[in-house]
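For reference, the chains in residue letters:
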Amino acid sequence: MKTTLLTTALSGLFLSLGNLAAEDGKQLYTIACSACHGANGEGRAGAAPPLSQSQWVSGDPKIITSVILHGLQGPIKIHGDSYDLVMPSQPALNDEQIAAIATYVRDNWGNKGSAIDADFVKQTRVDTKDQNGVYNSPQLIKPYNITPKAFKLNNLLSSSYPFTTDFDTLKGKTPDAIEEEKGGLVHPLQVGSQKEDGKVILERSKGTPASVGSIKLPKGQFEIDIFYAHEAKTPILFKLFISGPEMNLSYLHSPPAKKKAPKIIINPTAERALVHRNFFVKGGERTLGVGLSKKVNFSFSTQHMRLTELWKGEFLNVGKTWDGRARGQLTQSPSPSLAVNKAGAVFKSFNSSPKKWNDKGSKKLKQQFKGYVFDPSGDPIFTYSIGDYTFEDHFSVPEGKQSLVRKTTIKSTSDSPAPLYWKILSSVKKKGTSFRTNSGVTLNLESPASKPSLLGKDLVLPISHSTTITSEYVWK
Amino acid sequence: MSGNKNLKSLKLVSPYLALSLCVTAASAQDDSNKNVLLIPDDDKVVLEAGGLAILPDKKVAVSSRRGDIWVCTGAYEEDLSKVTWQRFATGLHEPLGIFYKDGSIFATTRSEIKKMTDLDGDGVADSYMTINDSWGTSGDYHEYNFGSTPDKNGHIWVVHCLTGSSKALSNSRGWAFRYSMDGKEAIPTCAGIRSPGGIGFNAEGECFYTDNQGLWNGSSSLKWLKPGNFQGNPTGNKYAKGLGFPEQPQPNDNSTTQAEYDKDNRIARPAVFLPHGLVGQSPTGIITDSTEGKFGAFAGQLLIGEQTQSEVQRVFLEKVKGQYQGAVWKMLEGFESGIVPIKMGEDATLFAGGTNRGWASKGHKPFSFERVRWTGKTPFEMKEVKVTNDGFTISFTEALKDNAAADLKNYKMNAWTYQYRSGYGSKGLVGEYKPKVTKATIAEDKMSVRIVVDKLTLGHVHHIKLSDKITSVSDKTVWHKDVYYTINELAE
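For the record, the sequence lines run as chains A and P. If you read the first sequence in the working numbering, its first letter stands for residue 1, the second for the next number, and so on. If you read the second sequence in the working numbering, its first letter stands for residue 1001, the second for the next number, and so on.
It should be emphasised that the hints constitute simulated quantities derived from the structure, not laboratory data. As the structure is a prediction and not an experimental result, all values here were calculated from the model. A portion of the hints provided could be inaccurate.
Below, computed lysine to aspartate or glutamate pairings styled on DMTMM-like, alpha-carbon distance capped at 25 Å [claimed, not checked]:
1. K1481/P / D95/A
2. K1184/P / D415/A
3. K294/A / D1126/P
4. K1059/P / D1118/P
Construct the entire structure; sequences and hints are all you get.
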């Protein structure tokens, strides 16, 4: 059994800088350095070490100047972490620019180093002209006596998290996608592992979650103690994940609170309906949300050719899917929607007339969504094929009412088409000449060629040749 | 010394001029930048570029990650105040790859390839037809699909990213497919895809894609989609049987691609490693410089986007013993956002689209649309690096001034490869050593130098750094002194 434990730190993105003297340096730093060293010198896993509270930065001014001029490679230790990366030289920067950057960096993020001027850089250029290529770290560590400061554990905190490695009880938990390297909002920290006195010690180091060492644990209940030191001013949050056989990477505990996603409401224009393709909570991965005029909206699965839900008001809030890498990957109606059909197929073919929608003997039908066009008044017409039929589904809002009218033109593509059954509504009761779902949707149906029947609580319409069906969905 | 001055002086190092066609509302308020233009009608428009298409009548289409396609008129003009924008389509699910064909715009999106047509001539699509939606999609945000322009057979090549970049929770994840434009064909082509950033063709019409550092990718690289090849990440292998493919290779963990290739030749070695951290972090769009010299001295070579570093880089490819391999250089830098799509427009105008939502970039604007033109001044640069049986031939864009290129001291080399492992990226370099240049012979025409190297290693990146003592007849030093050549095979 293989268990992987990860911690991820979320750190705030902005520190107050409050030093305007090095304004140029800040801009230059942002352009030339921040992609790797971070906007605030926090470093980036796998790319560059932090610059905050670093002897490399705030020690002898020749150190930082030499590193910018020639680059640096080889093992170094900063804040208890080891790095072995290559920083290239920065030939695009002139002496004034290097001085501005170095002065800025030496006076920020907990560094307290003197300012550097262009003459000093110029002199360093002369003094180091024999340096052939990138510095190897010992070349600077020895002469400048760069000894890593002991990492002070002055803010030691601890938390305990109970968890289980009984994977049978964890299966089916919603997986959370692995966060990748390369910044973004989350900077994951790597966890390595070693054993000491029979206990598992997790050792924090920079890196990415997928490259962690793994700890094997037997089935059972465990408690993890986490001790961590935190020196930066920004808040730190831990996320714990677990993965195991046949189980995706999952949170061990509730994920930490995140910044709220922005509210981004989209609506159709006066001229045209808005058809928006996305993953929908109720419709599935292949769903079209459709916003019609008069704030009448519905969602339609292009996998099952199924009208799934109806709602009135604002069309969609897409803030979640348009924020970051997409947080909350599914879209849903901003106000409660009424179910028209439950998940699953709404078109089936049966060997004989079915008594129930879930009767055995149904045959799998070939279904293909073909696309949509907008008519001159801006309403959408969907086209799709099911078995031996093609469908043209025209959606509109009638004059003087706030309901959904659907005109479905069905054509058979074969001389002897196999009969189809269409489940138009789920959870339904007959009410006069209409049908009403327990969710509160009333359907007025005009089907000249065949009559619907209630199979249990499902309203099912048989189709055996070309016809046109008009359905009006009315709800409060 | 003002910050703005510094900005400009950094940019003007390049013999290429970049011009920003669209920036955010906040920047547009800066009157000092006369080239900045806004998308009209709505300052809320967010043009997070996912795809670019060159249209007739000097128009350019930009697809946004939010699902719109915008058509830009006037993008080639000197007077950018006349640029206008028209929203052609909306409601698409993250289009990453668009092209124009016979009056329609095609888009490869999250769940389908779509064909959009303006039926009434008002500049807005009225018809949105599904060309193909036969692949799986699980609802995960990371199941990106990057689509190509059509190849010579009319096929659109699509690379289907893994779920969350690490799993294959829906059918065809981790596979490259070819789809016909009539929707009838879906041809599984290669397994082994991880997390692509772009797809495109070289001058011979062979398809390549960029795959990002991560699981089973020690470094980001450019890979050749040779039909039937296995591209390295075995996560999607479970779909092989259902797709009518033979069982796919299961590489050993903690190995190298060369070692695994030696055991099973179906395992593709990257055509060109794009050394992580040295060249870039997130390679993206791929195009061939098809301008026959109108974009400078590198006709026929590949240009590739780099999202994190906000750059466009250059790749020279050659086919040696049936394998593509070659060299990468840095080229254009200082773009305003993270470059994803690039396209070569008319008049050798390079268009680059940017976005950094979710993935930080050196260019700090949230999105960008920029054009780059060659100023006509040829940089002194390594033009091509070709492998020989015992070293390399380096050709230049301009004749060498003196014999500095014959001096062995003016070359520095190191060589390495990466771990090929199930974990995320390579932990350090593998097999690193410092090859020595033992002989350097300048060609009679002084346009190239042939170097002999004491040790070359298959599957290794060979980094050559030229000294600034190597100069051209017009006294220029080499623009980019570092080149990274991946050797898969040695020449005869």
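Here is how each hint holds up against the structure:
About 20 Å separates the Cα atoms of K1481/P and D95/A, which keeps this hinted pair within 25 Å; it holds. Taking the CA atoms of K1184/P and D415/A, the gap is about 24 Å. The hint holds against a cut of 25 Å. Distance restraint check for K294/A and D1126/P: the Cα-Cα separation of roughly 21 Å lies within the 25 Å cut-off, and the hinted pair is therefore satisfied. Between the alpha carbons of K1059/P and D1118/P the distance comes to roughly 15 Å, so the proposed pair stays at or under 25 Å and holds.
In this structure, every one of the numbered hints holds.
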